[in-house]
Amino acid sequence: TFPSWVPVSRHLGHRPQFHPLKHGFDEWFGSPNCHFGPYDNRARPNIPVYRDWEMVGRYYEEFPIDVKTGEANLTQLYLQEALDFVKRQQAAQRPFFLYWAIDATHAPVYASRPFLGTSQRGRYGDAVREIDDSVGKILGLLQNLRIAENTFVFFTSDNGAALVSAPKQGQCSHTGILSTPVPRPFQVSHQLGSLMDLFTTGLSLAGLAPPSDRAIDGLDLLPAVLRGRLTDRPIFYYRGDTLMAVTLGQYKAHFWTWTNSWEEFRQVRGFRAAVGSAFHTTFSREDTSGPSGPCLSPGHLGRHGPYERFLLASPDADEPKDLDTTEPGSVKNNSMFSLNSPCQNWAPPGCERLGKCLTPPESIPEKCFWPH
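Read the sequence shown against full-length UniProt numbering and you will find it ends at 372, with the numbers running on by one and no gaps.
Everything labelled a hint here was simulated from the structure, so no lab data went into it.
Idealized CB from N, CA, C, for every residue including glycine.
Incorrect hints may appear among the rest.
[As the list claims (entries may be wrong)] Derived pair list, reagent style DSS-like, types lysine-lysine, alpha-carbon separation capped at 30 angstroms:
1. Lys22 - Lys87
2. Lys68 - Lys137
3. Lys137 - Lys87
[As the list claims (entries may be wrong)] With beta-carbon atoms standing in for the labels, derived distance ranges:
4. Arg42 - Phe97: 36 to 42 angstroms
5. Gly122 - Asn144: 42 to 48 angstroms
6. Arg227 - Arg94: 27 to 33 angstroms
7. Arg233 - Arg353: 45 to 51 angstroms
8. Arg353 - Gly249: 20 to 26 angstroms
9. Pro114 - Arg353: 50 to 56 angstroms
Please work from the sequences and hints to get the whole structure.
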């Protein structure tokens, strides 16, 4: 084992069992969610920020974000925490694992004062420039400490190219960069991968096998990275218990797109129910001329990656059958996908010391509405 640290602002879940320190991390500075808000602390609480087990403040309060100007110093705080962690581990001559998950480019977008107004792409561009600068400082520290050649660096993004951004193509479809201390730098691999693969790949780097007492979805990417050997594998994308899209061979099937109605998104829908209501991603919400069947698109369209430009009709009736046979039939009966007790960040550990404990209103369990 070795020290691990996570400054994360992602959708971890608010309940105690999802705390990073209960899942292998040794230190934590961040929040269990993105910087949504600000809220009134009556109907909904501002999201707390933690150091290890206890909260140290809340977004928009102790950790201010100016929604009007977009100014916030959070990325700089996360950067300094990361640099300090790496320095401590190197001083103690310990290997380490750092998970640095900043969220400045997640709406509402923010950047620190030195970066605001410095890009030609508005506030989003400012945030990207600050993230780029921060990543550069982390990589520079690895070089200065002379451990860059003994460190694996994975740079990834979540969400991908959002459908709502498709008309202006404001996002990039290349969502993963891997820096490795191997003889062939600056190579490009066309291996289809996902963030789930980092777990299996990390174990492989350490010479370990994945657990055999459970199903592991991740693929070891080292054969592709080190030897250029590609593995043909499907990717299933779920939102809750609903299959949203599949990549299979040279094809992508989109069962839900931006043209689905709000009413459909509010329903618990599975693969079979959604097949007849998917439209091509290039149609607008008002356009009703989309195809009546699932959208099948070429999977390798250069820079048009997830925002597919051309509709590919199903060559024969066997293609949907192939997708149908690979749908996990038991997913709706799996407890992982069932609604559990609602819990929000009203009175997390440490709130007493800060005088920041809030009284929650009466709980009304309901399925979250997520139209994306």
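Outcome of the hint check:
{"no.": "1", "hint": "Lys22 - Lys87", "result": "holds (24 angstroms)"}
{"no.": "2", "hint": "Lys68 - Lys137", "result": "holds (28 angstroms)"}
{"no.": "3", "hint": "Lys137 - Lys87", "result": "holds (13 angstroms)"}
{"no.": "4", "hint": "Arg42 - Phe97: 36 to 42 angstroms", "result": "holds (39 angstroms)"}
{"no.": "5", "hint": "Gly122 - Asn144: 42 to 48 angstroms", "result": "violated (33 angstroms)"}
{"no.": "6", "hint": "Arg227 - Arg94: 27 to 33 angstroms", "result": "holds (30 angstroms)"}
{"no.": "7", "hint": "Arg233 - Arg353: 45 to 51 angstroms", "result": "holds (49 angstroms)"}
{"no.": "8", "hint": "Arg353 - Gly249: 20 to 26 angstroms", "result": "violated (56 angstroms)"}
{"no.": "9", "hint": "Pro114 - Arg353: 50 to 56 angstroms", "result": "violated (33 angstroms)"}
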